[in-house]
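Peer 1: I would like the entire structure built from these sequences, with the hints used as guidance.
Numbering-wise (UniProt numbering), the sequence shown opens with residue 1 and increments by one.
Think of the hints as simulated: they come from the structure by calculation, not from any bench. Only a predicted model underlies this, so the values are computations on that prediction, with no experimental measurement involved. The beta carbon of each residue, even a glycine, is placed where N, CA and C say it ideally should be. Do not rely on the hints blindly, as some may be mistaken.
As the list claims (entries may be wrong) - What follows is a set of in silico ranges between Cβ atoms, one per label pair, in the way DEER data are often shown:
#1 I154 - T60: 27 to 33 Å
#2 G99 - G160: 38 to 44 Å
#3 H37 - L151: 16 to 22 Å
#4 A19 - A105: 51 to 57 Å
#5 R111 - G160: 48 to 54 Å
#6 I154 - A64: 36 to 42 Å
#7 R132 - R86: 22 to 28 Å
#8 H37 - E126: 19 to 25 Å
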Amino acid sequence: MSPTPDGKLKGMASRKNPASPGDLSELFHRSFRLLRHSWSQRLAPFELTPHQFRALHTLTRNAADPHSADGMRLKDVAERLRIAARSATEVVDHLEAKGLVARGADPVDRRATLVTLTDAGRELTEQVRTARRAHTEDYFSQLDAAERAELARILGKLSGPAEHQ
Numbered sequence: 001m002s003p004t005p006d007g008k009l010k011g012m013a014s015r016k017n018p019a020s021p022g023d024l025s026e027l028f029h030r031s032f033r034l035l036r037h038s039w040s041q042r043l044a045p046f047e048l049t050p051h052q053f054r055a056l057h058t059l060t061r062n063a064a065d066p067h068s069a070d071g072m073r074l075k076d077v078a079e080r081l082r083i084a085a086r087s088a089t090e091v092v093d094h095l096e097a098k099g100l101v102a103r104g105a106d107p108v109d110r111r112a113t114l115v116t117l118t119d120a121g122r123e124l125t126e127q128v129r130t131a132r133r134a135h136t137e138d139y140f141s142q143l144d145a146a147e148r149a150e151l152a153r154i155l156g157k158l159s160g161p162a163e164h165q
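Peer 2: Spelled out as structure tokens, the structure:
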């Protein structure tokens, strides 16, 4: 199914329930794929993948938390990103090779490794966050304020239960 100019899927008009869960799911996934694809393209000039940026963003948020230790254990990075520990290792390896993060010993547990942002990592993260704000403003500019508020309400309602799982 392909969308019509008003955002509906072709073939929906002939159905009794044009907003069936299947149609809504298709629209939701299509919108998400488009957003994700356009974001990946915007990340390309920074030479980052979405996973790498998410790791930098996670480390930045952790560093800003006054209750957090300096740096994060690799297993905690993996958990926050919801990826396998091996995948987190690969992401951190790439970021370390670019000079954006550093690994160090955990002073509490010498067997563990802490990952911290370097100055270059903090600077690049801020540049990418600025680009992301511009990207999302551009992406959602096709909605007026009332539509954005309604979308936020609906998505909040749908994601609320998932936040507690």
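Peer 1: When you take the CB atoms of I154 and A64, is the distance between them in 36 to 42 Å?
Peer 2: Check failed, 29 Å falls outside 36 to 42 Å.
Peer 1: Holds or violated: the 38 to 44 Å window for the beta-carbon distance between G99 and G160?
Peer 2: holds, 39 Å
Peer 1: Given the hint of 51 to 57 Å, is the C-beta distance from A19 to A105 inside that range or not?
Peer 2: holds, 55 Å
Peer 1: Is the distance from the Cβ of H37 to the Cβ of L151 consistent with 16 to 22 Å?
Peer 2: Holds, since H37 and L151 (Cβ atoms, about 19 Å apart) stay within the stated range.
Peer 1: Quick check on a hinted range of 22 to 28 Å for R132 and R86, using CB atoms only.
Peer 2: The hinted range 22 to 28 Å holds for R132 and R86, with Cβ atoms some 27 Å apart.
Peer 1: Is 27 to 33 Å a correct range for the gap between the Cβ atoms of I154 and T60?
Peer 2: holds, 29 Å
Peer 1: Are R111 and G160 spaced within 48 to 54 Å by their CB atoms?
Peer 2: At 38 Å between Cβs, range violated.
Peer 1: Are H37 and E126 spaced within 19 to 25 Å by their CB atoms?
Peer 2: At 24 Å between Cβs, range holds.
Consistency note: the structure conflicts with the earlier hints numbered 5 and 6.
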